[in-house]
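Based on the sequences and whatever the hints tell you, model everything.
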Amino acid sequence: MPKDGGIGASSKRREDVRFLTGAGNYTDDINLRGQAYVHFLRSDVAHGTLNSVDTSAAEGMPGVLKVFTGADFAEVGGIPCGWQVTDRHGEPMQEPPHPVLAQGKVRHVGDPIAAVVAESREQARDAAEAIEVDISDLPAVMDMKEALKEGATKVHDDLTSNLCYDWGFVEENKGAVDEAIKNAAHVTTLELVNNRLVPNAMEPRVAVGDYSRGTDDSTLYTTSQNPHVIRLLMGAFVLGIPEHKLRVVAPDVGGGFGSKIYHYAEEAFCTFAAKKLNRPVKWTCSRSEAFISDAHGRDHVTKIELALDADNNFTAVRTETYANMGAYLSTFAPSIPTWLHGTLMAGNYKTPNIYVNVKAVFTNTVPVDAYRGAGRPEATYQLERVIDKAARELGVDPIELRRQNFITEFPYATPVAVEYDTGDYNATMDKLLEIIDKDGFQKRLEDSKARGKLRGLGINCYIEACGIAPSNLVGQLGARAGLYESATVRVNATGGITVMTGSHSHGQGHETSFAQVVADMIGIDESMIEIEHGDTANTPMGMGTYGSRSIAVGGSAMVKATEKIIAKARKIAAHLMEASEADIELKDGQFSVAGTDKSVAWGDVTLAAYVPHNYPLEEIEPGLEETAFYDPANFTYPSGAYACEVEVDPETGKVTIERFAAADDFGNVINPMIVSGQVHGGLAQGIGQALLEQTSYDADGQLLSASYMDYAMPRADDVPFYQVDHSCQTPCTHNPLGVKGCGEAGAIGSPPSVVNAVVDALQRAGHDVTHIDMPLTPSRVWAAMQG
Amino acid sequence: MAQVKMTVNGKPASGEVEGRTLLVDFIRDTLGLTGTHVGCDTSQCGACVVHVDGKAVKACSMFAAEAEGTEVTTIEGMAAEDGTMTPVQKAFQDFHGLQCGFCTPGMVMSAEALLKDNPSPTEAEVREYLKGNICRCTGYHNIVKAILAASGQDVTGIAAE
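Residue numbers (the numbering used here), protein chains in the order written: chain A, 691 to 1477; chain B, 24 to 184.
Keep in mind that the hints were calculated from the coordinates and are not lab data. These numbers come from a predicted model, not from an experiment. Warning: the hint list may mix true and false statements.
What the hints assert, rightly or not - Heads up, simulated DSBU-like pairs for lysine-lysine below, C-alpha to C-alpha not over 30 Å straight-line:
| id | chain 1 | residue 1 | chain 2 | residue 2 |
| --- | --- | --- | --- | --- |
| 1 | A | K965 | A | K795 |
| 2 | A | K864 | A | K795 |
| 3 | B | K139 | B | K78 |
| 4 | B | K139 | A | K702 |
| 5 | B | K78 | B | K28 |
| 6 | A | K702 | B | K113 |
| 7 | A | K864 | A | K1040 |
| 8 | A | K756 | A | K965 |
| 9 | B | K139 | B | K154 |
| 10 | B | K154 | A | K1143 |
| 11 | B | K154 | A | K1139 |
| 12 | A | K1139 | A | K1128 |
| 13 | A | K702 | B | K154 |
| 14 | B | K34 | B | K139 |
| 15 | A | K1288 | A | K1250 |
| 16 | A | K1254 | A | K1277 |
| 17 | A | K965 | A | K935 |
| 18 | B | K154 | A | K1344 |
Said to hold, decoys possible - Interface residues of chain A toward chain B, partial, derived using beta-carbon atoms under 10 Å:
| id | residue |
| --- | --- |
| 19 | K702 |
| 20 | R703 |
| 21 | D719 |
| 22 | N890 |
| 23 | A891 |
| 24 | F947 |
| 25 | S976 |
| 26 | E1109 |
| 27 | G1197 |
| 28 | S1366 |
| 29 | L1373 |
| 30 | Q1375 |
| 31 | M1399 |
| 32 | R1405 |
| 33 | V1414 |
Unchecked claim - To spell it out: a stretch of chain B is covered by chain A in this simulated footprint if at least three of its residues, at any positions, have a beta carbon under 8 Å from a beta carbon of chain A; those stretches are:
| id | region |
| --- | --- |
| 34 | 93–105 |
| 35 | 111–120 |
| 36 | 126–132 |
| 37 | 165–179 |
No residue lacks a Cβ here, since even glycine has one placed at the ideal position from N, Cα and C.
The following block contains the structure:
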């Protein structure tokens, strides 16, 4: 029976009513008295020398308060990068400066050159048009392989080349991997592109800077997934504002998918300008501006080789990837193609020899960073595609080839430095075949044929590492931050609870699911618990929400803090009932003395904590508030098996998704309704990547897909109802809730099944097609069918 | 600048606007009704859908001055005074048809308009109608399910929660 409350219940989301009635409070809904507006003048060329920026005409325009250029930020730090990767030779990556406003050069279309602050948005925009910019065009560096050639134009003149790093993992294993491939019975090779995507959270970014002259305090309201991280990066590295004089608030945030992790120039600008002008300064990004200023995702070009022995056991995997960094290093960009990608190249399989080489390259494009899945979709896609190709070359069943090579014993230490704690890949595969109704495929294939359509079935597995941690390990890997999470549980006198979490909810429903956990632990109604997040002024230092980490890391911090609360409450209850603490039991919000009928209610204990007339003051302090920081012992490893059935129109090449099924193992599940919703959303993003979404630059660095007219977002009629299941549960062994995280799985697992399905459909129809690069647009599929 | 007058959520509303002021900016900035959202600048995303004289309109595709004398309903005008949500709003909550909530006001306003014209749409009709509303969070599964449920149709056969 489904539960009606607490852990495991599909509690309805409490945040919904405000969103459904127009009562949300998003950053653009915040308007401060006396606020001015900023408009950024952005480069319309991809690469050029900035000869001059003449702002004199703009300064005289109506309503203009000030026009800022790069010179105004000469004394201020640049936008920092939060992760340093060490290359194959032990050298640090090349790390170029990233000014708030362009200095000397522009390096991508959208690079901000000047900023006009005016009384109204329209006046700021009008005045920006009056700024005269003199740029000498330079050749745009667009193709990664060309960019690395001797004598190529450099994006950053002060670097030795366009190579950010050349990373090998595990470098010491390279010889053994080369040897295994040389000695293999069969080697399957696949070259592929993981297409560049634009995250496209529906709420564009917004920043409102505010300054209090009386107290010298700065406040930034911003669309962020991690306000504490922004406070630290912007305060310490850009503007030199100590954290106690800087408050960052991320209120309701309309989706993130990674794009709102990073510290962006516009946030620093608004905070800086508010103090300079002693006025609140607001920036609201337009969608057109978002396409050329939000960090993009993916953009890998990869060659993968899979070696098998005569019995079809995987013996080695070797990959070479070119990863686009764009023009500057976004906050976590260097870690994505390396530690979030290379460490996943074992997938669900016991391949003994693995070597991953990644060359990260600067180009004259928008910076690239984490987008839902971040590195793990790229790893999953290449591995699951090459396995499918190998099965076809060897004439074996792709499911059986996978099963034969599954890791079945846990914990399992992979050759790429991670240890999977739990999993059951056969269980999720079995469940998948049930929910996709594989037995019915033949009949559906014939139905499709009767309608003149080609049908295909694609299946794949995935594993991901999320809840990224522990801090001391990621520090060794180059992270310039810890990756713990925090929670303060404040029990109020009358028994209600305010939980202040360092996690941030921007669609994930934490206000509901976090409350379920605390309610379950104490045995009180969920409505007695409020979850606060997003304001550095009232939440403990936290690292925020990304990488499917919130329930695994943030939830664990909350459990630890709640355990401290319960421990103290038991002492109070023991005192009130004049009993031994060891005899106190807590059930359904009642403390009782074992073996007696004596009990006190939760509210009696909480009131005693704040009105300590009858209270063990010599033993414990009054009050009932506890904070915990939780630093995980390991990553968590959600896994699963996905299946896609497509129909291809042989006349046009148009692919339609007929069925999609996902069987995931997320460990324990707090709110099944929310978890299913997370998977649905991830699937649509993965299907979008596979079929629709393409970020297109021309050779001059102009972004051709810079609006929803040209960038094909998945719409309601592009996707079917999905079959999702998360009943296969192998709980995580190292966090108190046994949870693994579910936010990214859908986007990680789905692209290969779509492509596998299309290849299957085409091969069944006699086309000798082994691969098509994403997105599988009608023209690409049609062209492939023509040979 | 010119004066515009209209009825918004049953109450008279007026303000000074420039010729270029969009209806959505008038609703958000002048009237302070921030439930209507702006998700793009090419009239594609549908986050700003409101009803103008009973018809679903993208409020970014109309100047405020063009709305002179019309009856406008925004998301704030949908629930009853006592807070009781409409069947569509309630179904969105019951079936988890929203996550970050940003596209939600536009989705609800579109869904309300659809069901007014077509009280018992098929799944395909719902999906077709929602082409002008982009959601990045839900994968549309629970939105479509919620709208079918709000129309009184049995959705128990639709997979998963």
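Supplied contact hint for L1373 of chain A, tested at 10 Å Cβ to chain B: The hint holds - L1373 of chain A has a Cβ within 10 Å of chain B, the shortest such distance being about 5 Å.
Coverage of the region 93–105 of chain B by chain A, judged on three or more residues with CB within 8 Å: holds (count 5)
Stated coverage of the region 111–120 of chain B by chain A [criterion: 3+ residues, CB within 8 Å]: holds (count 5)
Holds or violated: K864 of chain A to K1040 of chain A, with C-alpha atoms at most 30 Å apart: Holds, at about 17 Å.
Pairwise hint evaluation, K702 of chain A against K139 of chain B, where the allowed Cα distance is 30 Å at most: Distance of about 26 Å is within 30 Å: holds.
Hint consistency between K864 of chain A and K795 of chain A [alpha-carbon to alpha-carbon, up to 30 Å]: Violated, at roughly 39 Å.
Straight-line alpha-carbon gap K1288 of chain A to K1250 of chain A, limit 30 Å: Roughly 28 Å between the alpha carbons, so the hint for K1288 of chain A and K1250 of chain A holds.
Residue hint G1197 of chain A, partner chain B, criterion CB-CB below 10 Å: Interface hint status for G1197 of chain A: holds (3 Å vs cutoff 10 Å).
Cut-off 10 Å, beta-carbon criterion: hint that K702 of chain A touches chain B: holds, 6 Å
Distance restraint between K756 of chain A and K965 of chain A, which requires alpha-carbon spacing of 30 Å or less: holds, 13 Å
Evaluation of the interface hint that places E1109 of chain A against chain B, nearest CB under 10 Å: violated, 32 Å
Given pair status - K1143 of chain A, K154 of chain B, alpha carbons within 30 Å: Distance ~24 Å between K154 of chain B and K1143 of chain A Cα, so the pair holds.
Checked against the numbered hints above, the structure breaks hints 2 and 26 and satisfies the rest.
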